[in-house]
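Participant: Take a look at the letters that make up each chain.
2 protein chains.
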Amino acid sequence: FADYMVKDVKEGNCFRADKLLEQHIDKLIESGKVSKEEQERLLTIAQNADAYSAKELGDKLKELGIKAPITGNALTDPFPFNLMFQTQIGPSGHSPGFLRPETAQSIFVNFKRLLDYNRERMPFAAAQIGLAFRNEIAPRAGLLRVREFLQAEIEHFVDPKDKDHVRFSEIKDNKAFLLPREKQVGKAECIHMSFGEAVEKKIIDNQTLAYFLARSQLFLEACGVNPLKLRFRQHLSNEMAHYAADCWDAEIFLRGYKWVEVAGHADRSAYDLKVHAKATKNTLEAQKALEKPIIEKIVEAAPVMKVMGKAFKRDAKVVKEHLSGLEKDDVLKLEESLKSGEAKIVAGGKEFTLLPEHVQIKKYDKKISTESFIPNVIEPSFGVGRIIYSILDNAFTYVGEGKDRRTILKLPAVIAPIKAGIFCVVSSDELQAIAESIRKGLVEEGLMCQFDRSTTTIGRKYAKSDEIGIPYGISIDNDSKSDNKVTIRDRDSWKQIRVPIEDVPDIIRNLCRLKISFAKCLEKYGEFKQ
Amino acid sequence: FADYMVKDVKEGNCFRADKLLEQHIDKLIESGKVSKEEQERLLTIAQNADAYSAKELGDKLKELGIKAPITGNALTDPFPFNLMFQTQIGPSGHSPGFLRPETAQSIFVNFKRLLDYNRERMPFAAAQIGLAFRNEIAPRAGLLRVREFLQAEIEHFVDPKDKDHVRFSEIKDNKAFLLPREKQVGKAECIHMSFGEAVEKKIIDNQTLAYFLARSQLFLEACGVNPLKLRFRQHLSNEMAHYAADCWDAEIFLRGYKWVEVAGHADRSAYDLKVHAKATKNTLEAQKALEKPIIEKIVEAAPVMKVMGKAFKRDAKVVKEHLSGLEKDDVLKLEESLKSGEAKIVAGGKEFTLLPEHVQIKKYDKKISTESFIPNVIEPSFGVGRIIYSILDNAFTYVGEGKDRRTILKLPAVIAPIKAGIFCVVSSDELQAIAESIRKGLVEEGLMCQFDRSTTTIGRKYAKSDEIGIPYGISIDNDSKSDNKVTIRDRDSWKQIRVPIEDVPDIIRNLCRLKISFAKCLEKYGEFKQ
Numbered sequence: 001f002a003d004y005m006v007k008d009v010k011e012g013n014c015f016r017a018d019k020l021l022e023q024h025i026d027k028l029i030e031s032g033k034v035s036k037e038e039q040e041r042l043l044t045i046a047q048n049a050d051a052y053s054a055k056e057l058g059d060k061l062k063e064l065g066i067k068a069p070i071t072g073n074a075l076t077d078p079f080p081f082n083l084m085f086q087t088q089i090g091p092s093g094h095s096p097g098f099l100r101p102e103t104a105q106s107i108f109v110n111f112k113r114l115l116d117y118n119r120e121r122m123p124f125a126a127a128q129i130g131l132a133f134r135n136e137i138a139p140r141a142g143l144l145r146v147r148e149f150l151q152a153e154i155e156h157f158v159d160p161k162d163k164d165h166v167r168f169s170e171i172k173d174n175k176a177f178l179l180p181r182e183k184q185v186g187k188a189e190c191i192h193m194s195f196g197e198a199v200e201k202k203i204i205d206n207q208t209l210a211y212f213l214a215r216s217q218l219f220l221e222a223c224g225v226n227p228l229k230l231r232f233r234q235h236l237s238n239e240m241a242h243y244a245a246d247c248w249d250a251e252i253f254l255r256g257y258k259w260v261e262v263a264g265h266a267d268r269s270a271y272d273l274k275v276h277a278k279a280t281k282n283t284l285e286a287q288k289a290l291e292k293p294i295i296e297k298i299v300e301a302a303p304v305m306k307v308m309g310k311a312f313k314r315d316a317k318v319v320k321e322h323l324s325g326l327e328k329d330d331v332l333k334l335e336e337s338l339k340s341g342e343a344k345i346v347a348g349g350k351e352f353t354l355l356p357e358h359v360q361i362k363k364y365d366k367k368i369s370t371e372s373f374i375p376n377v378i379e380p381s382f383g384v385g386r387i388i389y390s391i392l393d394n395a396f397t398y399v400g401e402g403k404d405r406r407t408i409l410k411l412p413a414v415i416a417p418i419k420a421g422i423f424c425v426v427s428s429d430e431l432q433a434i435a436e437s438i439r440k441g442l443v444e445e446g447l448m449c450q451f452d453r454s455t456t457t458i459g460r461k462y463a464k465s466d467e468i469g470i471p472y473g474i475s476i477d478n479d480s481k482s483d484n485k486v487t488i489r490d491r492d493s494w495k496q497i498r499v500p501i502e503d504v505p506d507i508i509r510n511l512c513r514l515k516i517s518f519a520k521c522l523e524k525y526g527e528f529k530q
Numbered sequence: 001f002a003d004y005m006v007k008d009v010k011e012g013n014c015f016r017a018d019k020l021l022e023q024h025i026d027k028l029i030e031s032g033k034v035s036k037e038e039q040e041r042l043l044t045i046a047q048n049a050d051a052y053s054a055k056e057l058g059d060k061l062k063e064l065g066i067k068a069p070i071t072g073n074a075l076t077d078p079f080p081f082n083l084m085f086q087t088q089i090g091p092s093g094h095s096p097g098f099l100r101p102e103t104a105q106s107i108f109v110n111f112k113r114l115l116d117y118n119r120e121r122m123p124f125a126a127a128q129i130g131l132a133f134r135n136e137i138a139p140r141a142g143l144l145r146v147r148e149f150l151q152a153e154i155e156h157f158v159d160p161k162d163k164d165h166v167r168f169s170e171i172k173d174n175k176a177f178l179l180p181r182e183k184q185v186g187k188a189e190c191i192h193m194s195f196g197e198a199v200e201k202k203i204i205d206n207q208t209l210a211y212f213l214a215r216s217q218l219f220l221e222a223c224g225v226n227p228l229k230l231r232f233r234q235h236l237s238n239e240m241a242h243y244a245a246d247c248w249d250a251e252i253f254l255r256g257y258k259w260v261e262v263a264g265h266a267d268r269s270a271y272d273l274k275v276h277a278k279a280t281k282n283t284l285e286a287q288k289a290l291e292k293p294i295i296e297k298i299v300e301a302a303p304v305m306k307v308m309g310k311a312f313k314r315d316a317k318v319v320k321e322h323l324s325g326l327e328k329d330d331v332l333k334l335e336e337s338l339k340s341g342e343a344k345i346v347a348g349g350k351e352f353t354l355l356p357e358h359v360q361i362k363k364y365d366k367k368i369s370t371e372s373f374i375p376n377v378i379e380p381s382f383g384v385g386r387i388i389y390s391i392l393d394n395a396f397t398y399v400g401e402g403k404d405r406r407t408i409l410k411l412p413a414v415i416a417p418i419k420a421g422i423f424c425v426v427s428s429d430e431l432q433a434i435a436e437s438i439r440k441g442l443v444e445e446g447l448m449c450q451f452d453r454s455t456t457t458i459g460r461k462y463a464k465s466d467e468i469g470i471p472y473g474i475s476i477d478n479d480s481k482s483d484n485k486v487t488i489r490d491r492d493s494w495k496q497i498r499v500p501i502e503d504v505p506d507i508i509r510n511l512c513r514l515k516i517s518f519a520k521c522l523e524k525y526g527e528f529k530q
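For the record, the sequence lines run as chains A and B.
For the first sequence, the UniProt record's numbering begins at 1 and goes up steadily by one.
For the second sequence, the UniProt record's numbering begins at 1 and goes up steadily by one.
Isolated chain A (complex conformation) (with noise of 0.2 Å):
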């Protein structure tokens, strides 16, 4: 985790380099003053800005003659900043420890038990959410950059011979628009491709990230991401970590920033497993039933303890553990040897004479029947606060005109955090009565209502519900008294059903767990009109 980072020579402000280099290269191409050639030429610059070594980076700006914002000041050469916070743990002051830059690290090192959990099955997954922090040289674009975020991962482990996913049928219909790295040279074009489709042509490396592909796009169109803008792009060879076998960004075109990465798809190969097995000296393996048993023929050379106990001593430890590691032809070397007399072996730096009477060789069949693999993982990896901004940018709308205009936030009544506004329409004790039971029937049901108590009109009412987001309004208005019954309000379509008070928390949680639409309780109750 570390950025490039260019110094003013004179003034010593940072920056980050790559984001200079593109910010140039913008100001460049908006200036209209390159040719198209030379345009599409900048253009490849910029996206691999991130990509670029120190020494590249250093390269490009000089040749762009870049110099410190502001100031005008030459540069230094690009040098790397670690974006981990560093603390310290303890009274004494000298344990340093780290925020962690990304939460995913905690699941591989409780690999182990959570393969346990899942009683030793595989493929199987974990997910977590956490906050992550990073010392951004350069935070900005509001909430979208960001030194503490809160990210959500999922780490699907897998058996790298088998990375098909059992539901991939469900989603192998679904289309998207991909952007693979050929397509992102120049003028990057989308293709609007199936997931099975994509899968059949390696495009997509693997079903199971596959499959992780579509159930973002399926997550963040329910939650009101329209479809049009939301792409996934490939990372490009150089962008993509060294282990990594394949990685897809979830991106969401949002007004004045143009396309934002809101999560990553990685498959990371075995990497993470392999560098913390190695580090912790564990094996970090699952197993698995092979098809069918493989006989190994084994060669071992066991020593006769009691014997070598007495020849060798205390040295005997090392002895042993030299034999136990040798491989089976060195076991038939030693057999050969032992034949003739004796066998001179090195162990633990020393050299030692064996016997026969100090080695047994034994030779058998051995059943294997299942078969060690260190799991391969795709990570689904999710940036919760650019998501909740994405879901404000497409939830944000206008209707009306001018002075009449007025601001709706469509947010899905599936995400909304208040799921029903409750309205009576004159003031009266009788009437909030009623409402107080409406509240309390929803509040039962876990679905969060805001009873408007104010005597402010209906009209403004709906308004300000609207305002917040609230799919649903509901009205109780004299007639309720009499007929049991009350209006529910569609915000996006401003249409009114009249139903019974009773129906009311049944039919509100089935809208909101996208079991009914308002289109189908509009066919069943009847639109209302006053």
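What the hints contain is simulated information worked out from the structure, not anything from laboratory work.
Possibly wrong hints are sitting among the right ones.
One copy or two, either will do: identical chains are not told apart, so a pair holds if it fits within one copy or between any two.
[Claimed, not checked] Derived DSS-like pairs (lysine-lysine); straight-line CA-CA distance at most 25 Å:
#: 1; residue 1: K112; residue 2: K464
#: 2; residue 1: K175; residue 2: K202
#: 3; residue 1: K464; residue 2: K288
#: 4; residue 1: K440; residue 2: K172
#: 5; residue 1: K515; residue 2: K440
Given chain A's structure and the hints, the job is docking chain B onto it.
Facilitator: Then chain B, alone, in the frame of chain A:
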């Protein structure tokens, strides 16, 4: 946020002074070598340990002859140690930052917005959950004292003159074990009393504070905490923050740890808002309507800027500000002086001579119908990790003896993460299909379940399921194919009912929402015995 620390003078190891004192006293008392009187005196010291000043702590450590653990070396005098983790923000190295030691402050900082969201009405509350970080000198006691912990808090803002709670009547007859401060001297003895009585007798300061104590009790008991192992302990006067009006901890008796604080309930008065207002030069106030408007006699010195501008040029503004800042009496004095021809004032360090034409003295009646006040805040604050630990401690039980002993995790259904286990009594594709359809039905209701596809016996499956706290087991057997029914088994009573498959999701959902008890289900469906 500071603890007192002492160091081993030779080795430099650090210790928390109050904990050393407590541990030493614990050992003394356990040794049985101290008189009953001395025991009482020592217990009082131990109870006060975390409230002592540096000097008091130092004196007690010396008095009891406490040395560094293990080495037995002398200790330094106690000195404060900042518990906040420090780091650097941004690349310059010149911007120190701290990890927050509590989550509360972000609510106070946002007070104005929150009041606005609530349409300026009082009382209102804001809740939040998040990580807090304290660089504990000696984290210990497993998950009970950690350096990074999850805190959940409610800040309930009230009018300082009216701390009654609108829903107090709902909980006023609930009884709890209370440990007021005067009962904590020597041997602590709880009183069992209703919240209504406790407020009436001024044991608990006010209704709102008592309301939250009652809600915490309901919450913790719903989570499975044994009511006999839950008490509310009032802070000692020297333990309570100087600004607090009253403070009660919820404490749970845990195996191996005795009474452990899991939540605090403090009336923090107006302290936080006052401090933030002062530091940011903002007013953090709310308004309330007066029952009867007040008529206030206003006397103002209004500058006649046209004339004053000519006379004082650019100083006119300073004079104007001086005039608008005058109190009523000062204006009346000014009026007197002006009547005698002129008045001398000092503004912005300069003297000015005001003439009658410069100032107009205005006298009028003003109707005042609202009053400003700085809200007080009642804060229930929960340590999420400690609550989860307490839930597990309370849920962890055994049945049977010796090698038949089995673990059962009696998590209440309402909080159990997995609500139901699904089991096929015999292995068959047909039964698996029924099981799968039940799984889908439960998932659609948002009920997490575990379909145990293994081929072990049903008894072993139940045992596994009991061990991880799943409250209900759904078993599909060969009869299910013909009668379309399955059995539901209750983890805690091991009793079973047999119900139509299509009713399963509703039954499980209602059991988990406490809409129906298993006893009621037994009445309705009859007990099923094989």
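Participant: Hints first: check each against the structure and report whether it holds.
Facilitator: Hint-by-hint comparison with the structure:
no.: 1; hint: K112 / K464; verdict: between (52 Å within a copy, 19 Å between copies)
no.: 2; hint: K175 / K202; verdict: within (16 Å within a copy, 67 Å between copies)
no.: 3; hint: K464 / K288; verdict: between (59 Å within a copy, 23 Å between copies)
no.: 4; hint: K440 / K172; verdict: between (43 Å within a copy, 20 Å between copies)
no.: 5; hint: K515 / K440; verdict: both (22 Å within a copy, 14 Å between copies)
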